[in-house]
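Participant: Turn these sequences into a full structure, and let the hints guide you.
Listed below are the residues making up each chain.
2 protein chains.
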Amino acid sequence: MTDAPETEETPVAEEDRSVDEDYALDNRAVAQVLEAVAEGDKARLTALFEPMHAADIADLLEQVEPDERRQLVLLAGSLIDGEVLSEINEDIREEVIETLTSEQLADAMRELESDDVVDIIEDLDEDRQEAVLDALDMVDRIAVEQALSYPEYSAGRLMQREVVIAPEHWTVGDTIDHLRGQDDLPEQFYHVILVDPRHRPVSYVTLGRIMSSPRTTPLASITEESFRKFEVDEYEGDVAYAFNQYHLISAPVTDADGRLVGVITIDDAMAVLDEEHEEDVFRLAGVGDESLSNSTFEIVRRRFPWLGVNLLTAILASVVISLFEDVLSAVVALAVLMPIVASMGGNAGTQSMTVAVRALATRDLTGSNAWRVVRREAMAGLLNGCLFAVVMAFVGSIWFGEPLIGVVIAVAMVVNLLVAGLSGVLVPLTLERFGIDPALASGTFVTTVTDVVGFFAFLGLASLVLL
Amino acid sequence: MTDAPETEETPVAEEDRSVDEDYALDNRAVAQVLEAVAEGDKARLTALFEPMHAADIADLLEQVEPDERRQLVLLAGSLIDGEVLSEINEDIREEVIETLTSEQLADAMRELESDDVVDIIEDLDEDRQEAVLDALDMVDRIAVEQALSYPEYSAGRLMQREVVIAPEHWTVGDTIDHLRGQDDLPEQFYHVILVDPRHRPVSYVTLGRIMSSPRTTPLASITEESFRKFEVDEYEGDVAYAFNQYHLISAPVTDADGRLVGVITIDDAMAVLDEEHEEDVFRLAGVGDESLSNSTFEIVRRRFPWLGVNLLTAILASVVISLFEDVLSAVVALAVLMPIVASMGGNAGTQSMTVAVRALATRDLTGSNAWRVVRREAMAGLLNGCLFAVVMAFVGSIWFGEPLIGVVIAVAMVVNLLVAGLSGVLVPLTLERFGIDPALASGTFVTTVTDVVGFFAFLGLASLVLL
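For the record, the sequence lines run as chains X and D.
Every letter in the first sequence is one number past the one before it in UniProt numbering, and letter 34, counting from 1, is 34.
Every letter in the second sequence is one number past the one before it in UniProt numbering, and letter 429, counting from 1, is 429.
Because the hints were derived from the structure by calculation, they are not lab data.
Please note that a few of the clues may not be correct.
[Said to hold, decoys possible] So the derived label-pair ranges between C-beta atoms look like this:
| # | chain 1 | residue 1 | chain 2 | residue 2 | range |
| --- | --- | --- | --- | --- | --- |
| 1 | D | Val391 | X | Glu111 | 24 to 34 Å |
| 2 | X | Glu50 | D | Asp107 | 36 to 46 Å |
| 3 | D | Pro167 | X | Glu111 | 41 to 51 Å |
[What the hints assert, rightly or not] Chain X stretches covered by chain D per the calculated footprint, using a threshold of three residues with CB under 8 Å from any CB of chain D:
| # | region |
| --- | --- |
| 4 | 146-160 |
| 5 | 243-249 |
| 6 | 318-326 |
All of these numbers come straight from a predicted model, not from anything done at the bench.
We put the CB at the ideal spot given by N, CA and C, even for glycine.
Facilitator: Here it is in structure tokens:
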């Protein structure tokens, strides 16, 4: 919106510039919008929204309080268009849709491409789905219903049905003439897909190549090597991986018979990658699917199970400690020092695990280098273990004036960091082998192992040496 | 490569299909390549590489052992082309480049666009940089040297200098005629950028719109609203954010005088987002910049400092414990239970922190909703604290037959989970305010707080109640 026309209200024009400079909302923009809402000033709200990108309006809706949001949507009405709806986080989208009138919703939906409608509709409950479907033209409705018949998270859900195709034998001139005759081309397209007589995609040509070639050039002579196609039921994560790995901009999608049914573009793939990133980061930290706009009760409900699992593993570690009550009563220094061994093991394990989980996600850790990585992590754990063992031998001996305590903590440190390095790789690899997302469960397993091994090694050795 | 021509060697053709099916390397592909290398069979290696995408060849180079890699590069020679080099992880790229002859390197560089050459060259040491620059044509060399004069991580480093422009007053017909006359258009381009007489970009037109409009249509009448431009010295992270937020495909870059100097395309932005994401995941886990191809010593060296910081914070927690040696000697049950309080606090804090760090990275957590999020996290911590307090009151009382122990752990749990929720948001917010990457340091601060508070609350209360 760099060159958005200036409006008469100075604050809006200034707002515009500051939105543009930061590529994000600033506090002032939010405050001004809320002011307009409080005053019920639709004209001002319209002026404030005018220079804003749909994505920024969506962010604004996500950031305000739930009742401010309702007021805002009520006042904004048709300013919340299809683009804004498709940018909004799904957690609050339903809430926004419920506040809109059916007419506003219908208008909003009509301007969207089929993939965006599907993306919005799939998260709604059935009544709302029906309402949105009713708002669509018959052609769009059939397209959307067809898309919804594909499994969730499949290429079929991700694709748009609007495609630009040409028969294999066409020339550049044929193609340009044909396109000039079309009046509902997709909003964004980057390739003309070549199809055979049975409507199967065989290759594609970039628009750049078409435009820079003489009219008589056969399309078949300027096709791109990068061509890849996907089947409707392929997992969206695999599609996104391929877009990222092979730098695709768009790719055709085929049905089981190989016939062209749609096209996936890079913005769809980027959205999937973004979601997968967020999921990985959250799962590694034991956070489920949540967002900043969730209420307190929702996040309590979503985080409770993970904390519950952690409680069980923490109790397991305590049971291990309780096996050594004798030596703990005799030498209280052990109670002081034992968390250090567990903490260092937990951290080293988390380091190895994070690298392994990430490498599995980017498919850099495979059967062919797994053993090399396991060996490397074990060696690294052992080496760091030895380094910190020396440090702790001194600290332990000097702090408690008892060299044997230093020896015990040093040995436990080496053992636990070795185990941390090993389990940091082996746990995610094993989970992946059994088809469990390693991001989801690795953390709990790895820290349980390092806690149990850490306490057992430290207190067990202490029992042998100090009692 | 779906439609790669079949070769005579059956295994290769099969390989091809399996690479395509999995969108990644499989073990067999790697094993076959290593076999060919062991036999010094260049013909077979060529046949094996033929159907593979440069990105997959790069992955293969990353996955094999260092000496296998050297053998492979020596045999492959010019098969390691510019595209493969630009796909390779920078940690091993230098190693691969050193194995290539200067002639092979020169050939590889010559086929790349200026942004890819810059991306490769900026990580090399000076001697190597000189060698690569010498391999380039004068025009390319000047372009690359110019790009290297922009700060690291700036839009100037990211952009390619090859641009497709048109004066504002041109028509669709003018543009197509002009493009047909060009013989070195960029490999990928999606927009024609309109420039004013002083070579400042004012808008752009998608190729799709140009192709589907009559020849007489003025370009100025079919420009895109999505137009955004960047300055050469803007931070690449801001550029990538804008591409993602506003669904950009390409965007012009201007110098300080607003003149067009290059264009950034979505693949560059995706690469930046990917790097930033990896950095965040790694930093949250206390892992520096590392990759699977790093040697054992390299990862020991990179992880040691983080473990060192953790050791200091663990010792701090131990000092807190040592304040309560009396009560620990008197009631050994406390030593058994205390890690539970710290562990639950650490986990709850990590949950809040991860959500906050992620929201800061995606710019969803801003000044306008910070207080709401802080309140929400505090409330959620308090509620989960109360829930787990009830559980632990029972467990503690029954396990050790002493209701007071149950009371102590319950109260400590509530306190620590409240503190965990608060510090989980406040620490990242504070770091961000001081310009420190919250992903980098939040984890250490938050777990230090929850450890110290957890031990202090639990043992302190126990001293008051049980002694």
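Participant: Does the hinted range 24 to 34 Å hold for D/Val391 and X/Glu111 at CB?
Facilitator: violated (52 Å)
Participant: Could you say whether the range 36 to 46 Å given as a hint is met by the Cβ separation of X/Glu50 and D/Asp107?
Facilitator: Violated: the Cβ-Cβ distance is about 53 Å, outside 36 to 46 Å.
Participant: Tell me if chain D covers the region 146-160 of chain X under the three-residue, 8 Å CB rule, please?
Facilitator: n = 0 at 8 Å, threshold three: violated.
Participant: Report holds or violated for chain D covering the region 243-249 of chain X, Cβ cut-off 8 Å, minimum 3 residues.
Facilitator: holds (count 5)
Participant: Can you confirm whether chain D covers the region 318-326 of chain X, using C-beta to C-beta distances below 8 Å and requiring at least three such residues?
Facilitator: Held - the region 318-326 of chain X has 4 residues with a Cβ nearer than 8 Å to chain D, which meets the minimum of three.
Participant: Kindly confirm whether 41 to 51 Å is satisfied by the beta carbon distance between D/Pro167 and X/Glu111.
Facilitator: violated (32 Å)
In the structure shown, a violation is registered for the earlier hints numbered 1, 2, 3 and 4, in ascending order.
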